Structure formats: C-alpha cells, structure tokens
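These protein sequences, in sequence, are chains A and B.
Take the first sequence: its letter number 86 is residue 86 in our numbering, and every next letter is one higher.
Take the second sequence: its letter number 325 is residue 325 in our numbering, and every next letter is one higher.
Just so you know, the hints here were simulated from the structure itself, not pulled from any lab data.
The model shown is predicted, which means the values in this text are computed figures rather than measured ones.
C-beta: ideal position from N, C-alpha, C; glycine also.
Treat the hints with care, since some could be wrong.
Unchecked claim - Below, simulated DSS-like cross-link-like pairs (lysine-lysine); rule was C-alpha separation at most 30 Å, straight line:
1) K86(A) to K58(A)
2) K86(A) to K242(B)
3) K220(B) to K58(A)
4) K86(A) to K116(A)
5) K58(A) to K88(A)
6) K4(A) to K58(A)
Stated by the list, open to error - Non-contacting residues of chain A with respect to chain B, defined by C-beta distances greater than 10 Å in every case (computed):
7) A2
8) D14
9) G67
10) F91
11) L94
12) D97
13) I148
14) R261
15) F269
16) V270
17) L275
18) K334
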Amino acid sequence: MAEKRIGVLTGGGDCPGLNPVLVGVVRKSLALDYEVTGILKGWLGMIENVTTPLTRNKVSGILPRGGTILRTSRTNPYNDPKHVQKIKANFRVLGLDALIAVGGDDTLGVAHRLYKEEGLATVGVPKTIDNDLSGTDRTFGFDTAINIAADAIDRLHTTAESHNRVLVIELMGRHAGWITLYAGLAGGADVILIPEVQMRVEEVCRIITERHARGRDFSIVAVSEGADLGEGMVLQEKKRDAFGHVRLGGIGEHLAQEIERRTGFETRFVVLGHLQRGGTPSAYDRYLGLRFGMTAVELVEQGNFGTMVSLRGNEFVPIPLEEAVSRPRTVDPKLYEAMKVFFG
Amino acid sequence: MSTAAAPSTIGLYTSGGDAPGMNAAIRGAVRGALHLGLNVFGISRGYSGMIAAEIEPMGPRSVSNIIQQGGTILKTSRSAEFLTPDGRRRAFESLRAHGIEGLICIGGDGSFRGAVEFYDEFKIPTVGVPGTIDNDLYGTDLTIGYDTAVNTALDAIDRIRDTAQSHDRIFLVEVMGRHAGFIGVASGIAGGAEEILIPETPTDLDAICRRLEQRAEQHKTSLIMIVSEGDEQGGAVEIGRKLGERLGVDFRVCILGHTQRGGRPTATDRMLASRLGYEAARAIAAGEANVMVGQVNGEIVYTPLRQTFTKKKPVNHGLLDMAAVLAE
C-alpha cells in the first residue's frame, strides 16, 4: 500500500510548463512512496471520474512537450450544485488523500471553495502565461510566451523595414500587460499599449509620426488584446466562456486601421493568438514547473491544505489560496511610464 | 534571347513582397557582377525608386554582413506609377542618367511583368531572380523565401498542435501564398495537418464536414486544418464560420500573417539565393535579356520572363493524395 494517494488535474488555458509540473508532482511523490492519479480534462474529469494512473513511465520524456498530457477544459463545477457533489463523491471513490489543482484563478478559485466549503484537501499550483497572479512573483509559461512574442516581433521588423510599413502586433493579456510590455521591450517595439495605462490613438500616431520625421520610415506597435485606448473595449465577438470571461480580440485590426487613416502610413496587423500558448517550454519554465510541482507534493506531505505554491524571490513557499485568487497582479503604471524612454 | 551588346553597367533592385533570402541574392548578384568587371548600382524601393532616381553605386563592401538578414537592404514597393507610360519613361531617364544598360530584378510575377513591358518600350534588358515566399513562379522548382516561410509556418503549426491536443480543439490555420497553395501543401504535410485547403483544388465543405464527423466518431477530436489565404471558399475566418454553421462546433482560427515574411533565411534559402544572384550576374554579363534564372532539378535554367507569368506552375497533386492518406 502506498503511503498516500494524490490526485492531480490541469485546468483552464494551455500553458507551456504544465507537463514539467506533472513530472515534479510524480517524481516527488515516488520519493515519498505516494501514488498519483491523473484527473483528465480539468474539473470535468473529477465530475465524471475520468482518470489515469500517473506512473514514472507515464511522465518519462514529457518535459520538452507543450500542452498537458492530462488535457484541460474550462469546466466550472460551481455552475451546477450537482457537479460539486459529484466531485466530493469521486474524491472518496478514487481514495484520494489530496488533490493538486494546476490552473489559473478560475481553477484555483474552485480549489479554494472545495477546501473551504466542502473540506476537501486541495493544494493549488498557479498557472497563467499572463503572469498576473498577486500571490507569486512568477508563473511558468510566461517566459516561453514572451520569447515567442519577441521572436515574432523580430520577424516583423525585417518585413516592416523592407516595405516602410507600420506593423501592429496584438499580444495576449486581457487585464494585465506583462507579456506585451516585456516582449515589446525585448523586441524593440516603438509603441507598447497595455490595459493598465490608457493611451489614445492620437498619442500613438504622434509617437510614430515623430519617429518617421527623424528619418525612420517603419514602426512596430505592440498592443495587448485588452489595451485601453480610451474608447471602451474593442470587441470582436461577445461570447463568454464558462467562467463568464468575454473573449477579447480585434484591437490590433482596429488600431492598424486608425493609424493608417490618421497618419497615411501603410499599416498591417498580426494577431499572434494561440501561438503564445503552445510549443515546447523554455528551459526556465521547465525548471519553474518542476519546482512548483514538487513543492505542491511537499505541502501535501505537511498536510498544508487550502494553500497555493508561490515563488517569493528564490523561495517556493505556501500562501493561502484565498490570497492568491483575491486580486490580479497588474503592471505598475510607474513602471510603464519609466519604460516610455524606449518608445519611438 | 541574347542581345548583341552586353551591358557594362547594371542596376539591381528588389520589388513586390519581401522574402527572406533577398539579401543573400543581392550579395550574390553584386559580388558576382563586380567579379565580372561590371559597374553595379543599387536601386531603392523597386520601381518607385527607379522613377525617383534613388540610385547608389554598390561595391563589394555594400553587401557585407547581410547574408543572414531577412528583408531587403534595397527596400521594396509595389509601384502604381510604373504601370503608367509616364512613370516608365521617367524610370528610363533615371537609368540613362546613371549609364545603366541592364537590370537584375529580384521579385515575383508582377515585377517581371513590369520588366517585360519596360523592355518592349525602352530596350533595357532584365534578368529576373525569383524572390517570393509564394513559390508560384514557373521556371524554378523553388523561389527565394519559400523555404523560410514554410519553416516559420511549420513552427507555428507545431505550437498550435500542442494546444489543440490539450484542449480537444479544431484549429484553422491560415497561411500565405496568394493564389497558390505551395506554402499550404508543404507546411500542411510537414505539420501533419488533417486537412489542407488550397486554391488549386476545389474545396468541398460538405466532404470536409463528413470527414470531421467520421473523425469525431473515432474520438479524434483535436485536429489542424491548413487554409491557404487564396482558397476559393474564403480565408480561415470565413471557412470557420461556414463549417461552424454546418456542424455546430467551435473552430479556432489562427492567421499567421506577416510573421511568415520575416526573419532570418534558412540555409536552403541562403544557398538558393546566393546561387541565383550569382547566376543572374553571369547571365546579364553574357548578354542574356528578359530571362529568369531558376533552378530545376538542381540545374540552372533560363526561362523567358514572359513565361514566368503566363504559364502556371502546377502543384503536385500526388502530394495532396499522400497527405490525405497520412491524415487517416
């Protein structure tokens, strides 16, 4: 008999580094003589009891692979009270001593309520490529995402320069501009637009026009999907997912049209979209994933439930799940203002 | 095809859409021509710069350290003015003022069309170098930039596959290629796509729906469909909408766009571009006029410029048949 049986699930959007987390969970569990049950497709797998044993062999060779071998979904069990009861029942049926939930604020919010309201032994691992959780300095996936985005900006530079064009690149970030700010700076974007600080199209055009007046005849604009142009959200489709999030999009196209109309410079746009979420994780994200995964198992060992693994400086420490999901971590407007020296 | 007097002073320009490897071709042409004792001028921004006389002499050091760079140091444009007789006459006067007697044009079919018309009116001979990511030029197996564009698209498709699999999603990935499906076919086969939609073959949405339903029955719920931008049923957004209406399934759309044009050229593109640039210099020095230098089965081949846009390069339908089998 194993000492303990741990369940693990991945929820929400795809994020490079999920598979390394699973490696971290399984290898640390083996060292403690725990068994690991993989729950498939996020909370859906807990509701429907769809699982697979996660053995040493199952997680062998998955470190460099993008995605998650457990699959994910955006199922929210709190949309139906029966689903919560099913999760409680399956927790017993599966003989779990603890459940590790890897996900963003939605997934962790469910883990928090299951701990607080139903008394289930849950531990969270934060996951968001947006790097926007208040409880942790860093999340895995972010480093990969900014590298992909910076690489795309590099490519756009050569074509923008050859054609004397303005190129607008729309990057991920609904409410936090971390990806756009970091990738924009790394890629040498001439204007960076984020949700936290409003910048109107007139100002964007002014920066570009001044730059062109200095003899530079191309420009790159990096814009978050949720950037604040002071005109309200620019929405492509008003669909909402199971957690009630509006799917944003369309700001890149809108901005490109406005820049061309107002400045007369030929302008094109690119929406990077899902490319930022997939693919092999960077070395740093693999390291982070392994450490987050193994620390989650250490919290189970200590019986430290209702917590989330957090990176504080160089230390991996627990913080209450409640704290983690209470408020998003956004870009400090002072930081953004300081980075304006790189604009134009 | 040969003219009696070979030019001693030539002009070099890039035209139309930019393609990775154009700089390697510029380097090959400039150094090749200088080696043969020709005077070389670089013309900026294609036909626009020819009309505006943006013309500078080029030496061996003008092309240092550019073989690895994407884009084109000579810049490029699509000139509406060159389509007019007055524009072409002004272009001729600029060339005459610099003593330019022959041209090397790195570009695609639109650029070559302009060159042929220009020759008919002013007898300035042009040697063409196929530079376009679309690979749609008759007279060469590969065009400069195509290999890099396919690899950029492939890299993106690989990333999307991870997400498609983790989320059981159907992705429509739109690749470039204008009216040709070469990028679609190559990136689709190399990326293991389940469906490849290109302009050269009729796209039967009903048949696609049947195959999607069959795959769903086999529990194959994540898949990738490549849509060439010129497909007759529309781009990825429109096809996604049409399929979504029929099947009631959510399709994710990813348009790769201009990232495919940019970036550092692959080894294949640098090799091809160096060779075709160098061969173009040899051709113009030998008195060739109005031919494109291409590479067919590994050999250098001259094709009359007119044929490069009047004849259509066929896609290999055998490859499409293979792709359908491999996606089963």
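What hint numbers does the structure not satisfy?
2, 8, 9, 13, 15, 16 and 17
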